[in-house]
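**Student:** Each chain, letter by letter, is given below.
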Amino acid sequence: MTGLAWSWKSLGRHRIRTALSIAGIAVSSAMLLDMVMLSGGIEQSFTELLLARGYQIRVTPKGTLPFDTEATIDSISGIVQRLRAEPAVAEAGAVLGAALYGRKGDSLVTLFGYGIQPEAQALYRLDSGADLAPDDTAGLLLSSPAARLLSAAVGDTVELVGRLDPQVATAAVRKRLAVRGMVDWVYDYKDQPSVGAVLTVIQGLTGRRTGDQGSLIMVKLSQDSAAASVTAGLRRSFPRLEVNSVADLARQFKQRLVYFRQLSYILGTISLVVTVLLIATLLTITVNQRLAEIATLRAIGISRRTVVGQVVAEGVLLTLIGSALGIALGLITARYLDDILTSFPGLPAAFSFFVPRRGTLTTAAVVLLLTGCVAGVYPGWLAARLPIAATLRAEAT
Amino acid sequence: MIRLVRPAVACLVLSLPSVSLSAQTTPTASVAIERQLATELGLSVGDTIRLATAADSLGWLFTVGAVYEPSADPAEIAKRERHLRLHLADLAWLLRTPDRVDRLSIGLHPGISADSAVSVLNRTAYGYRVYSAEAIASESSQTFLVVSRFHRAIAVITIVASAVFLLCIMLLKVEERRLDAAVMRFVGVRRRTIFLALLLEALLVAGLGSMFGAGLAYLAGAATNAYYRRFFDTGLTFSLITPEIVTFSLVLSLVLGALAGGVAAWRLVQTRPVVLWGRG
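Residue numbers (our numbering), protein chains in the order written: chain P, 61 to 457; chain A, 1324 to 1603.
In case anyone wonders, no lab produced these hints; they're calculated from the structure.
Just so you know, even glycine gets a beta-carbon here, dropped at the ideal spot from N, CA and C.
Mixed in with the good hints, there may be bad ones.
Counterexamples of contact, computed for chain P against chain A with all Cβ distances above 12 Å [what the hints assert, rightly or not]:
1) A131
2) E151
3) L186
4) D187
5) D308
6) R316
7) G361
8) T366
9) L380
DEER-style ranges, computed between Cβ atoms [claimed, not checked]:
10) A:L1563 to P:A409: 52 to 58 Å
11) P:A148 to A:H1406: 35 to 41 Å
12) A:I1568 to P:D216: 52 to 58 Å
13) A:I1482 to P:D251: 32 to 38 Å
14) P:D251 to A:D1396: 24 to 30 Å
15) P:S167 to A:L1468: 39 to 45 Å
16) P:A409 to A:I1482: 30 to 36 Å
17) A:E1399 to P:D251: 43 to 49 Å
18) P:T422 to A:S1380: 48 to 54 Å
19) A:R1475 to P:Q349: 56 to 62 Å
20) P:A65 to A:L1559: 53 to 59 Å
21) A:L1411 to P:S167: 27 to 33 Å
22) A:L1468 to P:T422: 45 to 51 Å
23) P:A65 to A:S1471: 22 to 28 Å
Not the full set, but computed from the structure, chain A residues with beta-carbon under 10 Å of chain P [as the list claims (entries may be wrong)]:
24) I1400
25) E1404
26) R1408
27) V1469
28) V1470
29) R1472
30) I1477
31) F1555
32) R1590
Please construct the entire structure, taking both the sequences and the accompanying hints into account.
**Tutor:** As structure tokens, this is what we get:
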């Protein structure tokens, strides 16, 4: 009989006990898997989101992160021209983000407006209709929530209003634009009503045309591997601006969500400890109940190594079965937990906290397997140092 | 009646002065800076700082008039932003936006309902929107509601794991008493007495274990608070163990302990003593 079959038979002797242990290991493994996914998922998901359109660098006002404050960069077109002249830069596009109003009948609805340079944009994917041309100052792009809010579709005309003046109860600036296309804004939170027009249009609506102001510049490099060195070079060239690579931004974002990362480490560790305790307790009691059997096996010539191997194999078998169930349970609970956390206000709808990946699953599986082996060490040691004659004599009486 | 005006909020660039005071044409105004910022920059009351709206503008000189301890705000701790406070007129002048603010706070006369005032003001509002303090509190607490829901979900998983663990341990604990139970049966002790003894033992173990667990939780909570208060430099409480939580844990442990111990003890007393002795 092989060690595994022997272990299987041994576990089958006490079905309720084994079932409860497997259930305990499954829940602990599920928790461990979720926490492993959470610890790495935040950074990975954020990095993927930032690189969704392949732009590796963001240039923002000094001391700020993209769209973190209302601070703007003056003379942004000139800076974009300088950036585009850099040999390593493939594309660079300015963005201005600001609150706007859209007219719907007699009322105004609040919108978020993106001013973009269509020839170099990394903010949206076109769903239907046509994209904006770089010089299209009469065109508009809508997100689905904005289209619903304005009851507008491709081909309709929408009036955008900027800078309301409460003193005289009138709009300082207004502009009628034709809806060219429906787009999916990559960084929008769920149900965010966003519209997009060329940079100069949004600048005009928000009173930022004179100073040629923008919120940020997105830079795409010819080579991904050059991101760190080009970022350092741009920091030297533009000391009055904040230049960050996607890796820098991911690091800062991770710092903001440090609580969740630390929580994942703590809960992951507790899950492992619970799993080890559960398996070790079960195996220890099993060994204690089978002292006579183990002593007999040793008396007829079965080696210590085989006995220890059998005890450890029993732990590994328990872990394997529990972990297999735990992985399935973990994936289900991860989806549920992700639904909760992604409902954070202002978080991009495409963001995910729990990201299941082959690497993550492998790490969790290896850690659990090691846990099973570690848990079997103490009961294995008990079985190995069993005094054969004394045990047999005690059992006989 | 408008009682209080909240100054405009802006992102400013702060630097220590490196040019002569003669470059400034207005008197030096005073600012209040938060304690963390003062510590980071080594500033104290009476020092002079330069504030500008952009990194490449010259800005204006201000005197540190006060260093204040910011109120603990859970929404701000993770951002690690640093704040300073200016008189409204000074900030408006610095931003070149006279007579413009982000928000106004309005105090109502006693007896006037906030909701009806909001409704009246919003009917005539143009270019602004009015909210009651309750609505703002509800909106700004959304983040914490999400965190709270997440914690509750994690707590449910933890409780399930703990319950299974407890059931398993209690089952093993009772099964360990097979020989004792056999001996007691051999000497004529009644099944009911053995069952009650084992049940009592299970309850005792569950009660002692949960009390030890509550003590451990207090220690872990204290360590969590100490760590995060230091980490975020705040006086916020991160872990709060209430009597209700302790009571819930104790009751849950006792119920689960009784259930597991009872089932295991029942199975044990139903087994023939010879089998329990290992000779059946």
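**Student:** Does each hint hold? Answer for all of them.
**Tutor:** Hints, verified against the model:
1. A131: Answer for A131 (chain P): violated, closest chain A Cβ roughly 4 Å.
2. E151: holds, 25 Å
3. L186: holds, 31 Å
4. D187: holds, 28 Å
5. D308: Given a closest Cβ separation of 15 Å, the condition holds.
6. R316: violated, 5 Å
7. G361: Correct as stated: the minimum Cβ-Cβ distance to chain A is 24 Å, above 12 Å.
8. T366: Correct as stated: the minimum Cβ-Cβ distance to chain A is 24 Å, above 12 Å.
9. L380: Answer for L380 (chain P): holds, closest chain A Cβ roughly 18 Å.
10. A:L1563 to P:A409: 52 to 58 Å: violated, 32 Å
11. P:A148 to A:H1406: 35 to 41 Å: Holds: the Cβ-Cβ distance is about 37 Å, inside 35 to 41 Å.
12. A:I1568 to P:D216: 52 to 58 Å: Given about 56 Å between the Cβ atoms, the range holds.
13. A:I1482 to P:D251: 32 to 38 Å: holds, 34 Å
14. P:D251 to A:D1396: 24 to 30 Å: holds, 27 Å
15. P:S167 to A:L1468: 39 to 45 Å: With a Cβ separation near 30 Å, S167 (chain P) and L1468 (chain A) fall outside 39 to 45 Å, so the hint is violated.
16. P:A409 to A:I1482: 30 to 36 Å: holds, 31 Å
17. A:E1399 to P:D251: 43 to 49 Å: violated, 26 Å
18. P:T422 to A:S1380: 48 to 54 Å: holds, 53 Å
19. A:R1475 to P:Q349: 56 to 62 Å: violated, 40 Å
20. P:A65 to A:L1559: 53 to 59 Å: holds, 56 Å
21. A:L1411 to P:S167: 27 to 33 Å: The hinted range 27 to 33 Å holds for L1411 (chain A) and S167 (chain P), with Cβ atoms some 31 Å apart.
22. A:L1468 to P:T422: 45 to 51 Å: Between L1468 (chain A) and T422 (chain P), where Cβ atoms are some 35 Å apart, the hint is violated.
23. P:A65 to A:S1471: 22 to 28 Å: violated, 49 Å
24. I1400: holds, 9 Å
25. E1404: holds, 9 Å
26. R1408: The hint is violated - R1408 (chain A) has no Cβ within 10 Å of chain P, the shortest such distance being about 17 Å.
27. V1469: This hint holds: V1469 (chain A) lies near chain P, its Cβ roughly 5 Å from the closest one there, short of 10 Å.
28. V1470: holds, 8 Å
29. R1472: Interface hint status for R1472 (chain A): holds (5 Å vs cutoff 10 Å).
30. I1477: holds, 7 Å
31. F1555: With a minimum Cβ separation of about 9 Å from chain P (threshold 10 Å), the hint on F1555 (chain A) holds.
32. R1590: holds, 8 Å
Violation of the numbered hints given earlier is confined to hints 1, 6, 10, 15, 17, 19, 22, 23 and 26; the remaining hints are satisfied by the structure.
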